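Participant: Work from the hints to combine the two standalone chains into their complex.
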Amino acid sequence: MSQDPIIALKNVAFRWPGRDGFGFSIPDFTVQPREAVLLLGESGSGKSTLLSLICGTVLAQTGTVQVAGQEVRALAKGARDRFRAEQIGMVFQQFNLLPFGSVLDNITLPLRFAPERRKRCGDAPENAAALCQALGLPEGILRAKAATLSVGQQQRVAVARALIGAPPILIADEPTSALDETRQAQFLDLLFAQVQAQGSSLLMVSHDPRMGQRFDRVLKMEDLVQRERPAA
Amino acid sequence: MILRLALGSLLARALTVAMTVLAIALSVALFLGVEKVRTGAKASFADTISGTDLIVGARSGSVQLLLYSVFRIGNATNNVTWQSYQDIAARPEVDWIVPISLGDSHRQFRVMGTTTGFFEHYKFRRDRGLELEQGQIMDDLFDTVIGYDAAQALGYAVGDPIVVAHGIASFTEHKDQPFRVSGILAKTGTPVDRTIIVSMEAIEAIHVDWRSGAKIPGQSTPSDTLRQMDLTPKAVTAALVGVKSPLKTFALQRSINTYPEEPLLAILPGVALQELWAIVGIAETALLAVSVLVVVTALIGMMATLFASLNERRREMAIFRAMGASPRTILGLLVLEATLTAALGSLLGLVMLYTGLWVVQPLVDSAFGLYLPIDAPAQREMLTLLAVVFAGAIVSLLPALRAYRLSLADGMMVQS
Chain A
1 MSQDPIIALK
11 NVAFRWPGRD
21 GFGFSIPDFT
31 VQPREAVLLL
41 GESGSGKSTL
51 LSLICGTVLA
61 QTGTVQVAGQ
71 EVRALAKGAR
81 DRFRAEQIGM
91 VFQQFNLLPF
101 GSVLDNITLP
111 LRFAPERRKR
121 CGDAPENAAA
131 LCQALGLPEG
141 ILRAKAATLS
151 VGQQQRVAVA
161 RALIGAPPIL
171 IADEPTSALD
181 ETRQAQFLDL
191 LFAQVQAQGS
201 SLLMVSHDPR
211 MGQRFDRVLK
221 MEDLVQRERP
231 AA
Chain B
1 MILRLALGSL
11 LARALTVAMT
21 VLAIALSVAL
31 FLGVEKVRTG
41 AKASFADTIS
51 GTDLIVGARS
61 GSVQLLLYSV
71 FRIGNATNNV
81 TWQSYQDIAA
91 RPEVDWIVPI
101 SLGDSHRQFR
111 VMGTTTGFFE
121 HYKFRRDRGL
131 ELEQGQIMDD
141 LFDTVIGYDA
151 AQALGYAVGD
161 PIVVAHGIAS
171 FTEHKDQPFR
181 VSGILAKTGT
191 PVDRTIIVSM
201 EAIEAIHVDW
211 RSGAKIPGQS
221 TPSDTLRQMD
231 LTPKAVTAAL
241 VGVKSPLKTF
251 ALQRSINTYP
261 EEPLLAILPG
271 VALQELWAIV
281 GIAETALLAV
291 SVLVVVTALI
301 GMMATLFASL
311 NERRREMAIF
321 RAMGASPRTI
331 LGLLVLEATL
341 TAALGSLLGL
351 VMLYTGLWVV
361 QPLVDSAFGL
371 YLPIDAPAQR
381 EMLTLLAVVF
391 AGAIVSLLPA
401 LRAYRLSLAD
411 GMMVQS
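From first to last, the protein sequence lines are chains A and B. Going letter by letter, the first sequence gives residues 1 to 232 in the numbering used here. Going letter by letter, the second sequence gives residues 1 to 416 in the numbering used here.
Pulled out of the complex, with its shape left as it was, chain B reads as follows (with noise of 0.2 angstroms):
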């Protein structure tokens, strides 16, 4: 019966308490939503590549090497030769080896120079791999595959011609070998998506007439005679590969680490992309710290509006003190309505965190390939939920203890 008149004092006081409802309500789908996204990052992230066992490059910090050959940001030290890539290829332990060769650019997007065991290993999100949304993979040398993003930014369809500049934020650009596209990638939401994709044997191409990173003046090959040359690349900037069993991943890396001709550095993606996180990881701790805050703030809020409707309720509390209630009961049906109402507000949220969730996923997904799932709330969503229900009941013990000691003054007469 208390639990039914905590209910109806509640409902005489609808509109504050839906306010006060609705304000936990917001803050709770705040947190829980940025848990959700932090979440979904950092899984999307990690997600950027997988299925590939090792990354191998030129040595240097593993952070490093994983920034410029998967996210193509920065750039490498060095190269790997082609006969310690050879070497790599022909162990015994390694399934497949995928070769990049980085440096050009398109406009503000990175050139890749890759073999089509790319478009068969590269897996994204556990095990997606790569889809051609229009035309196909390149035939020709010059042919050329772009990432969505890169061919939503540049407005290209398939058959439009591409001028690779060499470097990057270049001026030279290798006018004389114009690519084609043949293939606009679907989104990825992996750094793929802003690369232009080019085989590597193009990228030796269009470096045939160049020495020394500047193009010997008057020298131009033509296009037909490039095809009928023996195009092997002198180098690659790092390979992906994958090993027929894992239990023979580390001792690979081991031997590659060790590689006594050259010096190299294998790394375990997962294990770099972790170190990366813990990096960019900051900002979104900030953002859920931000959010916390939130629910603290709506939680004062109930408390401030538990303050202000003490004084309209001292008669209402006299009455029960009137009936053989203790001022500890009083204190007790305060600590019941806010819980009740916290309670409420987190049921609340939960349900806007999912509408929410349903209404912008697939647009989340397209938008910046960040894939949120939607399941049933984990354990952890749970426990925050019950977390902001104890916060209320403690937050409200400050309103329910002045309205203990005013009904142990007023006892049954308010003098009104």
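This is chain A alone, in the form it adopts within the complex (with noise of 0.2 angstroms):
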């Protein structure tokens, strides 16, 4: 099966503006559809630069970084804005709702900023209670505030709005640290089984190399990137 790659970086040099020049390379470094990659890293590696370059919330200085097949600088800013939206689903290590929102609010948030993810759910509450069911929160809770949630219910309802209206690609961003051993285990159990049930890439950035089995591929930042310190 050779298909193109959903997210790839060729060449990218990126230099963090005004600071110094902290800056990195990325040679070279794809993921492919329906795969689920685990990025491990400490602190301060560059993991998130990483992700907002593919996310386009960064744009590299060299290089080509290309999501779904469009090279993401081509786009205009508010086009790259609703692009993300379309297309990759995000959950955070922790703070990822909206507090006085709804969690049906927090669900359906990326839809309004997404239109063909929003065709693509047909009804977006029937649709969130769904995912709410998979991700085994209880019932009725789509109707509660997200501030009133435990936080492994937070990273649920966090996982069930990236995956809502099924983007092609989740990109977990230390999704599982906020929670106890057990809880992370369990947690991961489900994000799996909703992911392969909708066919996305999962991209997941984590200090923790013991969850490694479960992905298809591991790669350690320093191996990925190559660091920049400013030429003396």
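Worth flagging that the hints you see were computed from the coordinates, not collected in a lab. Being a predicted model, the structure only gives us computed values, none of them experimental. Virtual Cβ for every residue (Gly too), placed ideally from N, Cα, C. Please note that a few of the clues may not be correct.
To spell it out: a stretch of chain A is covered by chain B in this simulated footprint if at least three of its residues, at any positions, have a beta carbon under 8 angstroms from a beta carbon of chain B; those stretches are [claimed, not checked]:
| no. | stretch |
| --- | --- |
| 1 | 53-65 |
| 2 | 75-86 |
| 3 | 94-101 |
| 4 | 104-116 |
Facilitator: Below, the structure written as structure tokens:
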């Protein structure tokens, strides 16, 4: 099965503006469709910057960043934001939800910015309810305020939000670090089941190598990325 | 949904938002209140005299004539002779004419000689006439009807004696001919409240023993003799005139102004009142300017709280960004929030204004004779509210632009 990669970075060099030239380069990084990739790295290894590059909130100085076959840099600013909404579901370490919104509001938020994803998911509240059920969230949670949920529930709601409308890519930035060990395993089980059911690619960033066996590929940041120190 | 989230975000910060809303509401209520008082005062002022078509006096300035004939401020430089008065009264255009004779005082209140026609024809607030609170209109030569404020200030009741002083702020008094309070007028909110009204004949009578502004020594005519005398006035200070047809007003005014026998001046009260308002209205404008500044202050307060909230809301903005919101959406969200806050404040301010009006209206009316009408917000007030909401949106642009820049820099990652 030879398909075009869903994420492809080639000869990318990035330098933070104004930060005395801290930067890095990524010669080659690809993620295939339906592939689950774990990126291992300590904090400060450039994980967040890599994710921002893929999401198009920052742009590389040189090289190409392609997401779902689209060169990110070629998109206009507003189109890039919409592209992100259409293609990528995002789960953070914690504080994923708008505390004042209901669970339903939070789950359907990306649909607001992604008309095609919205079309794909059909009836949004029904879809959200189905996802919540599949993720083992109690019934009737949709109307609850996000702030009243436990951390574990919040992370699962975040997954539901990332998955609604079946975006081709799901990016998770240390999604389990706020959970204890048994909950971590539970959470990953549910996450993998849903990602596989939807056929999305999963790119997860973590500092914890123990979960590696679940993934198709495990990459270390230091192998992937060449740090650049400012020239003296 | 964005609107719902904006509302939710506002609710989550209910306390600070409530304070901002309250500040805006108070400022809006103050502004609209001042505006109400201003228009109310202007209307009350314009309503000081109505139903009178012309005021006639000796030739001076129109504002001066208005001041002394209606507001009892200042003095006439000259009188109108009884002959001229009679001539005007006899003209076919004239429906009614009421003479006014000024010059004496009682304590700090002016004494005005007039006829009973004054009680009939003097109107204020469009068509309200003078009403007696106690007693009756003067019957005897030495009867007097006093205004409400004068009665209150001096503590007079019907039947009390009054000694009129010659001139204003004078030490010579008409002690020989004391008056008796026969009636007290109800509050009008006009200078009539501060006036002691006597008959024209009474003014003549108390000056029988006077020549050239001084009492003739040793001469004192008894009251009963005075009652028998012919007390036809020799002059009047001014006269209020009503015409038969409004169309005749200008013709009559012109003929009085060009009266060959004596230099006279006839003015339209409404026009003169407007001229006078142009002078005294400046204070009201200053008040209005201050209340505009209060509104501006409240809006700047809102801007400050928006700025202060930005840091704690960076995570919220990052979530929006990660979900695909553009920085422009973040900007819009903040402006929307500020607009909602300002709108809420404006509405609350309107409610406060009407509640306040409802409470103070009767008090202000009786205490100051200032009538503040409670009616549905006029277009002008609605425009003011809209302007406040719009200004709120404009003011919020600064913090919103900062949020825009922050969310552009932060992207989805908040370094916390």
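Participant: Establish whether the coverage given for the stretch 104-116 of chain A by chain B is satisfied; the threshold is a Cβ-Cβ distance below 8 angstroms, and no fewer than three residues must meet it.
Facilitator: holds (count 7)
Participant: Per the coverage rule (Cβ-Cβ under 8 angstroms, at least three residues), is the stretch 75-86 of chain A covered by chain B?
Facilitator: With 7 residues in contact (Cβ-Cβ under 8 angstroms with chain B), the coverage given for the stretch 75-86 of chain A holds.
Participant: Given that the stretch 94-101 of chain A was listed as covered by chain B, double-check it with a C-beta distance under 8 angstroms for 3 or more residues.
Facilitator: holds (count 7)
Participant: Closer than 8 angstroms Cβ to Cβ for three or more residues is the test here. Does the stretch 53-65 of chain A pass it with chain B?
Facilitator: holds (count 3)
Comparing the model with each earlier hint shows no violations; every hint is respected.
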